[in-house]
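A.B. asks: Using the hints, position chain B against chain A.
Protein chains in written order, with the numbering used here: chain A, 1 to 212; chain B, 1001 to 1183.
If you are wondering where the hints come from, they were derived from the structure by calculation, not from laboratory data. Note that beta-carbon positions come from the ideal geometry of N, C-alpha and C, so glycine has one too. Where hints are given, some of them may not hold.
[Stated by the list, open to error] Label-pair ranges, simulated between beta-carbon atoms:
| no. | chain 1 | residue 1 | chain 2 | residue 2 | range |
| --- | --- | --- | --- | --- | --- |
| 1 | B | ARG1071 | A | PRO15 | 18 to 28 Å |
| 2 | A | PRO57 | B | VAL1165 | 47 to 57 Å |
| 3 | A | GLY88 | B | THR1180 | 26 to 36 Å |
| 4 | B | GLY1133 | A | CYS211 | 18 to 28 Å |
[Stated by the list, open to error] Here are the simulated lysine-lysine pairs, DSBU-like style, with alpha carbons at most 35 Å apart:
| no. | chain 1 | residue 1 | chain 2 | residue 2 |
| --- | --- | --- | --- | --- |
| 5 | B | LYS1132 | B | LYS1176 |
| 6 | B | LYS1132 | A | LYS2 |
| 7 | B | LYS1155 | A | LYS2 |
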Amino acid sequence: MKTDDLITALAADLPNRPTPVSRAVAYALATSLPLITVLLMVVAPPRPGLVGMLLEPKIIVKFVFTFGLFAAGLWLATRITRPGVETGPARYALAAVLAMLAGAVLIELSMVPQAAWAPAMLGSYGVPCLALIGLLSIAPFAALMMAFRAGAPDSPALAGAVAGLVAGSLAATFYATHCTEDSALFVALWYVTGILAVTALGAVVGRYALCW
Amino acid sequence: MSERDVEWAAQMRASLSGDVAAYRAVLASLTIFLRGEVRRGFARYGNGGADAEDVVQETLLAIHLKRETWRTDEPLIPWVRAIARNKLIDSLRRGGRRINVPIDDYENVLAAPEPSQHLSEKDATEVLSQLKGRQRDIVEAISLNGASIRETATKFNVTEGAVRVALHRGLSTLAKAFRTEDQ
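Bound-form chain A, shown alone (with noise of 0.2 Å):
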């Protein structure tokens, strides 16, 4: 095919809009919330009285960390989805809400006696907290990787990537509501390998679906 014939056929296509990123992604969640919520009220409901903790120093940061990365993953995902595009102030909100865990855990040590540290970490609900994350994740993980197809991005994993950690993060957030262990300790070690794992996979999963 020629390529004068090749513009032919594009301008006939013009009409045909494709769906902004932005708004694909809009649809992911819009479509995905709701399945989490069912999903945690018949699984994991949200823990009696939290409400009235909410004001409470570690129930913040539990929730500032979980929807911090949410929220820094959604900025990361509106640039890393354009081709040529830094991602620039985006990755230093990321690390702002890491760097926050990270002071959080130092605040913590520094005020609970040595013998105390490895029970906070390991805590008593480790592997279920990891088993939900994953649970919870998997219907955002899937629509975030089908919005994302609608971008172009220069790295396909690094894309894919940051879909598991806006799918990740998501989870925990909802998560975070059932969850009854409050130590940033805990934080630091379960729900931010439950993260990982989630980001992991989106990088693999990304590799092939986000090719363009």
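C.D. replies: What follows is chain B alone, placed relative to chain A:
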């Protein structure tokens, strides 16, 4: 932003709001621009650039299918370059060459060969053969024969909507065919 970018970006903005003539104009300008870019890119990697027109076509297809990833308030050329660079690297990878040359190292060393006139008339790889059946008929009628959507609909006795869908799917399939050729 260069004067050229201002003009092309304006044409692309008009295109995104449905101006077909502006779209044809900007794609034609970008084709010439891309031939130079792609040829220089191949030269940088010590490649003769036999597949240059393939990469140009693949880039045009990507520009078309991914046009919503361009922000209308940003310059157009860096976005076009980024797409071309991705497609060039894909093409070199398909060719089995190792990519470990820093991008800008050879820019000033290797002079770009003058674009040859005949290249624009040369057919790129026969990707059209990847299309099947009615989809192929419709893409051919519109691209090779320059038929309109309505004429094509009448010719194949289908609705205009069906022609639009087949054309769009056909173009997506072509993009995929470029991506997977020679692998």
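A.B. asks: Now look at each hint and say whether the structure bears it out.
C.D. replies: Status of the hints after comparison with the structure:
Separated by about 21 Å at the C-beta atoms, ARG1071(B) and PRO15(A) satisfy the suggested range of 18 to 28 Å. For the pair PRO57(A) and VAL1165(B), the beta carbons lie near 56 Å from each other, so the given range of 47 to 57 Å is met. At about 33 Å, the beta-carbon gap between GLY88(A) and THR1180(B) stays in the expected band of 26 to 36 Å. For the pair GLY1133(B) and CYS211(A), the supplied restraint of 18 to 28 Å holds, since their beta-carbon distance comes to about 25 Å.
Between LYS1132(B) and LYS1176(B) the alpha-carbon distance is near 14 Å, which keeps this suggested pair within the 35 Å criterion. For the hint linking LYS1132(B) to LYS2(A), the alpha-carbon distance of about 19 Å falls within 35 Å, and the restraint holds. Distance restraint check for LYS1155(B) and LYS2(A): the Cα-Cα separation of roughly 23 Å lies within the 35 Å cut-off, and the hinted pair is therefore satisfied.
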